[in-house]
Structures are given as structure tokens and as C-alpha cells.
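Peer 1: So the chains spell out like this:
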Amino acid sequence: MPASSDSGAPAALSTPARAGNPGDRVWGWGISILGGTILVVAGLVLLELGRVAAPAWEHLGLVKFLLSSDWDPVQEKFGALPFIYGTLVTSAVALVIALPVSVGLALFLSEMGPRRLRAPVAYAIEVLAAIPSVIYGLWGLFVLVPWLRTSVEPFLQRTLGFLPIFKGPAIGLGYLAAGVILALMILPTIASVTIEVLKTVPPALKEGALALGATRWESIRISVLPYARPGIIGASLLGLGRALGETMAVTMVIGNSPEISASLFAPGYSLPAVIANEFAEATGDVHIGALAALGLVLFGITLVLNGIARLLVEAVGRGPKGVRA
Amino acid sequence: MSRLRWRKAVDLFWTVVSGAAVLAAVIPLASLLWLVISRGAPGLDLGFFTSLPTPVGEPGGGVGNAIVGTLFMVGLASLFALPVGIGAGIFLAEKGDGKLGGFVRFTAEVLSGVPSIVVGIVAYGLVVAHMKRFSALAGGVALALLMIPSLARSTEEFIRLVPQALREASLALGVPAWKTSLRVVLRTALGGIVTAVLLAVARAAGETAPLLFTALNNQYWNSDPFQPTASLTVQIFNYAISPYEDWHQKAWTAALVLLLLVGLLNLFARFLSRNRLQGAPR
Amino acid sequence: MNAAQEIAPVNSPLRRSVHVAETPAPRSPDGSLPAAPLELPKLKVEKLNAWYGSNHALHDVSLTVPARSVTAAIGPSGCGKSTFLRCLNRMHELIPGARAEGTLLIDGKNLLGRDVDPVELRRRVGMVFQRPNPFPTMSIRDNVAAGLKLNGIPGNHAEVVERTLRQAALWEEVKDRLDASALSLSGGQQQRLCIARALAVQPEVLLMDEPASALDPIATAKIEDLIHELKERYTIVIVTHNMQQAGRVSDQTAFFYMGDLVEVGPTEKIFTNPSEKRTEDYVTGKFG
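Chains as they are written, first to last, in the working numbering: chain E, 1 to 325; chain A, 326 to 607; chain F, 608 to 895.
Excised from the complex, chain E in its bound form (with noise of 0.2 Å):
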């Protein structure tokens, strides 16, 4: 990397060790004071959620817990599986209906669009990640839902079902409605790093393609796509990081129904959900303390998640092994 550069090539300029500048001196700790400050206040986050979740690890298994599908608070009862299940249903809709759509999304911004329209399209997108959830929650409440009731989910048991998702009396709240609700609020996320993954794709390669008498399509078939799939992949799993976490849009629509059902049009229950529904009031320490449970189990997985998918971004970045065009 350039040491000096005006293109903005980051090389951080450390402050260099002057030894008889106290001010220097004075600076150095001062930031590096600040610097531990955020280590302290992760400590504090870690240390808090364990805490408060202590109650429940005394109290129940660690295995039942988590398998369990019986919730129920009066009688002291927590399992978290109907919560997982939920959790993990709603966001794998969301992915399967939000992947296409973003990866169609950020075709048309950078290779397939007209040109005139991508400033727009990209800003509409922006747009869409600065919503507060909980105003999707009551577009959902108010507009989705009605419409899956009425429209979408009959012509789903009309034409398909006979599949047992789509079995049941059709509500409008349930998972299918987390599910699309999640999916326009992860379509941001993943348009936006699958955009930033195509524009390291070098240009040489679509050129090479379109050389060999290829169409448009064709080029970005054989040459962006195989070379931005790990990207893609990284950007699906960042995508559903943010769903698994999503709380307020979910929970106005879900149905808050701790069942586990295999239709997705029946309600449920999601982990954010519940802990937003029920810790208020929660009576009792180890009441609180299953649902601080929850919350790390919850913290768990995006974690993991998250991890994987930075991973897969990067790698992109630094391009196949070999030569970078």
C-alpha cells in the first residue's frame, strides 16, 4: 500500500515516538485510553448478558433448555425451541425470497440497467435500510398481512397445497408474513455488499468474454458471477444475520404464538420477539433470566454468522488465487 497517497489508500500515519514531545505522550495515552474504553464497554456487554441470563443456567439445563418446546412462564417452564424454530424459519423465507431479488437488484445497478435509472434505484435503496423497523412493522400489520390473507395465501393453498407449508387456515400473521417482511428489510443489506462485491470483479474479464462473441448476459454468466459467488454467499449470510436479530416488524406480524408448526402460514414465534414481548413484565428472576438465555443464544448465532460471511467478503476482495487482472 503507498505510504502517501491522495486517493485515500488507508495507511494509518501512527503518531511516531518523540522523545521529548510530552504533548505526544499525552496524546498516545489519551486515545489509547479511548481506544480501551470500547474494550471495557464489550466486556460490560458480555458480562451483563451472562449475568442476567445466570438465574436460568442454575435452574435448567443447558440441553433442555434448548430442546425443549414447552414455554411456559407461570409454571416455570422454558424451552427455547419453538423461539429457534421460529427464528431460523422466518429468516431462511426471508433469504430465499430476499437473495434472488438483491442479486437481480445489484445486476441492474451495475451491469444491466440503463444508466439513468441507477442513481435512483440506489438511492430507493437506501431508502429502504433507513426505515425504522417498527414502521415496517405496522406497513406489515396493516397492509401485508390483509393482503396475504385475502389474496396471496388462497392462491398458495389453490395451486400448492397439497406441500404441508402451505396447510392451514390462512390468518395473514405467521411465519410467511415474518418472512417477507424480513426479506424487504434484509434486500438492502444484501443489494448493497453484492454491489460492492461486482465492482472488484476486474473488467477484463467481462471484456474477455464479450471478446469471444459473448452477450451481455453471457459475460456476466461465465465471468462476474463464478468470480463474485463467494461474495454473494458472504452477502446472503450478512443478510441473514440482520434477520435473525430483527425484532419489532416480526413481532407485529408473526402472531406471537409459541408452537412449532411446519405451515407457514400458522403463527409463531421468533427469539427477539419474545424477549421484546415478555420482558417487561417478566416475574421473576429466572423468567428474565430464560429470556437473557434467549438473547444468547440469539447473540450466538449472529455472531458465528457474521464471522463467516466478513470471511467470504474479504476473500472475494483479494480475488482468486494467482493473478489479479
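Simulated from the structure, these hints should not be mistaken for lab results. Heads up, none of these hints are tricks.
Not close to chain A: a few residues of chain F, all C-beta gaps over 12 Å, as computed:
{"hint": "1", "residue": "Ser661"}
{"hint": "2", "residue": "Thr671"}
{"hint": "3", "residue": "Thr710"}
{"hint": "4", "residue": "Gly720"}
{"hint": "5", "residue": "Arg738"}
{"hint": "6", "residue": "Thr744"}
{"hint": "7", "residue": "Arg784"}
{"hint": "8", "residue": "Leu790"}
{"hint": "9", "residue": "Ala826"}
{"hint": "10", "residue": "Lys884"}
{"hint": "11", "residue": "Glu887"}
Derived, one-sided and incomplete: chain E residues facing chain F with beta-carbon distance under 8 Å:
{"hint": "12", "residue": "Arg115"}
{"hint": "13", "residue": "Ala204"}
{"hint": "14", "residue": "Leu205"}
{"hint": "15", "residue": "Glu207"}
{"hint": "16", "residue": "Gly208"}
{"hint": "17", "residue": "Leu210"}
{"hint": "18", "residue": "Ala211"}
{"hint": "19", "residue": "Leu212"}
{"hint": "20", "residue": "Gly213"}
{"hint": "21", "residue": "Ala214"}
{"hint": "22", "residue": "Thr215"}
{"hint": "23", "residue": "Ser223"}
{"hint": "24", "residue": "Tyr227"}
We put the beta carbon where it would ideally sit given N, CA and C, even for glycine.
Model the placement of chains A and F on the given structure of chain E, informed by the hints.
Peer 2: Using the frame of chain E, we list chains A and F on its own:
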């Protein structure tokens, strides 16, 4: 030749498909924005901004306390988040290439991945559990925890964007390193940092989940940090999930207010950054 | 006969499955073949103009490229020689705001016309780029066959892969590892791979944009030898900033300067006795 025509048809097909993807994203967005505006606007009058919420069935009422509460808590959050977040960013930009720097960066990365509801639990444990009551302070702490990672990352980026040549020029004039960092580099990066702060504030103003069991809610005006406080987002949530039609209407109007607030902050941030870039000599 | 011709017999189905425009040898009026084959123009450029937005990059360029010959385009940086090359396979118009006007006749048909599909043109006019750009996620074999698969050219792809790799003087080095990733090759090998890939679709004209500038001298020499062999079957236009290279490989040289085609003629004449003063100044190194 017909093979070529087939291939061109395939090319056209995929172009249309990508266009359909754009529609799939834009149509819901347009629907959402349109509905918030069209359903929210009828209830929007000056009174809405300034009154307290009224019980069900009573006309009038507003979200005045919620607006103030949101601003209050975001302000509190900024008190904590700005020094810690920007400070960490400065540290990462100046000394971030070593082992400690790597560790700090990793920590900021991890913190940014904490789901907002979990942040709420942490703030609960730190503040509510000890004080044995819900409070605006707890809400502020939760929001601060959310703002810190993005502030750190953005600050580091903006400082690193300052050209090395500027730093070298200052050092060559005999200005000590610490003053260079503070008065030259930081000042140049300030515009970008302000933008980052505005965006972090906008995001915090739109948060709901962590406030649900830290600041709870409040039907009255409150300026005491040790008492529960209303916020726009929680108020919208409560109105929306209630069974009352007129409260649903208020939910839309409050949503419009929130959208205006967040939108203005974002637009202002965008305006600032564009101005900054245009001011640079070509 | 070179190695390539040894492999593909004249009447093999491989040869017939692709339209290869062989310019027929001209006959004298009494029907007999002349003693020395006359070079008919393969490529004829008339009044080619190119713009990048409002920047007029090429002014009224006209030249003729005989079949099965090598034409070199030389000139200082920014003179328009690369722009010229890219107009020949309409890659120039891929840049936003760029356009080209004029006549580009290949075997008599104007390929810059609106009714001509650039996709089709690019199958007939192949290109090798300055830096090797093999498809990194494909094997060596798949790289060479990429153009065949895209264009849906039937026939035995394995034979074509072997034939073109031999033509590109790469077969011996890779015949045992055709499934290896294209990136496992050295820079020079990758460039020869790209040449094989371009040849696989049997273009009539091969464009080469400073093909050896990113390579070491030994690899460069191999590429130059390759060009000598290739010109027995293909018409080649090569852009180079290396005048000695132009002198070594080309039959005819075109000197570009600031968007104008200053002079074009037999290579020897251009380098020893040019007609234009600007040409003389450039080839004697007075500027560059």
C-alpha cells in the same frame, strides 16, 4: 442465425428479470411511503406535535411527549456514545495497526453485530436492575451501545481518508505530532464525522426494541432521566398493536412524524457530505 | 505445413462445421493460378471516426489490411491506436458515451452498420488483451472451449482445444493438466492460453492489444514467434508501443499520432524511409 436470436432472447429475458427484481423492491417501498403519508397526514396538526396522548375515544391528543422523549434519550445516548465511539475511531486511525488495534477493531466488529434486543437486555442489567426501575437513562445507555460501533468504524474511515500529504505538510512545518493529529487531521475529517454522527442519531431515533424494557413508556411529559420516558417508536408500537381504530390512526400519524424526523436527519447528513465534497478544490 | 495444419485434415468435419472465410486465391482471366498469391484486402477501414463523449479521438482513419498478414499500429501514448483497435471489434462502443462512425469492411461487408450485431462481429474478429485475462474459475480446457460453448459451435471440442493449444504453442506444456485451473499457469502461458481461446472460435481476424507488454522477454519472444506462425492462417492487427517489436513481426505498419493516421506502409519503408516527417521523428526516437 436462430441460435444467435435465441441467445439474444435469453439476454433480454434476464434483463427483464433484473428489472422485475427492482420492481419487487420499489413497489413495497412506494406502498409503504405512500400509506404512511396518506394515512398519517389527516391526523397531523400542530396539536399532534405538542399534546399529550389522550385515552381511547377522546379526540385530539398527540405525541408531544414521545417526540421530546426520543430526543431526550438520543441526546443522553450521544453523551456516552460520541466520546467512546469517536475516541475509539481516532485510536484505530492513529494507532490501529498494532495488536491492540486489531483487538479493538475486532471488538467493535463484534459489538456491531449484537442484536438490538440483546442490547436492551444488557442495558436492563446495567441500569434497570440496579435502580429497580425503568428510566430514560437506561434507554439512553441502550441507544449508546448501539451507536458506538458504527461511530467508531466511520470515524476511523474518515480520518484515514485524510491524505497523508496533509499530515506530512504539517509535520514539516514543525507542528508537533499530537497537534497535527488534533488540529489538522481531525479538523479535516470533522465534516465526515459529523455526517456519521447524524446518521447514527437517525438510526438511534428509529430504534424500538431496546427501549421496550429500559425506558418503558410514559403518558406524560418527563425530563427526569431516572424515570420511564415515552418515545416515538414505542408509542407507535403500542398504538399499532392495540385493538382500537383511532389508535391505529394515531399510529400512522406518529409514524409519519418519525419518518419526517429520520428523513430530515438523513437528508441533512447527505447535504453536509455533498457540500463538503463540492468545496474541495478540483 | 505447420503443426496446426497437420492435425486438422482439409476435409475434416471440424473445418466444415465453422464458417471460415477463406479468401479465394485470385485467378488470372484464363483461369490459371498466378505464380505468387495476390494479397486481397481482408479488412478495409474507410474514414473511421471515434469519439469519447465530445472528445474526438480518431479522425478519418482509412487503411487496408491484406489477408494473412500482420499490421502493426504504433504511436505515442494517447495517439488513438488502442481506440482504433477496439473499433475493429466494436468493443469501443462498450464505454459509456463512446461512439464510432465510418466504414469497416470485412470481405466487403460494412460491420459498423446498425444492422450488424456486435456479438456476431466479435466471433469473427477475435481479441487478445494487454494483460492475460483467462476465466479464473475455469480450467485450462474450459477456458479454451468457452467461446465454442457460448456460440454453440458443434463438433468435437476436445479436438479444437488440442488444435488451438498447439497453434498457440502451449499444448506440450499443458497437455497433461487440462483440468488444472487456468491460474496455475505463468503470465506468458496464460497469454498463450488467451490466444488459444480466441483462436478456438476460428476468427478471421485476430486483434492483439499490446499482447506482450505485461510479459518478460522470454515470454515475449515466444509470443512473437507465435505471431509469425499464426499469420499463415489469420489476419492480424497488433497494437504495440515497442517499435522494435513492430519491426520484427509486422508486414505493414501504421503510425498514429493524436488521433490521426499519419502514415501507413510496408514496415521496412516506415522504419527506414518514411514519407512523413512526424513518422521519421517518432521512429528515430525524437519523441515518444
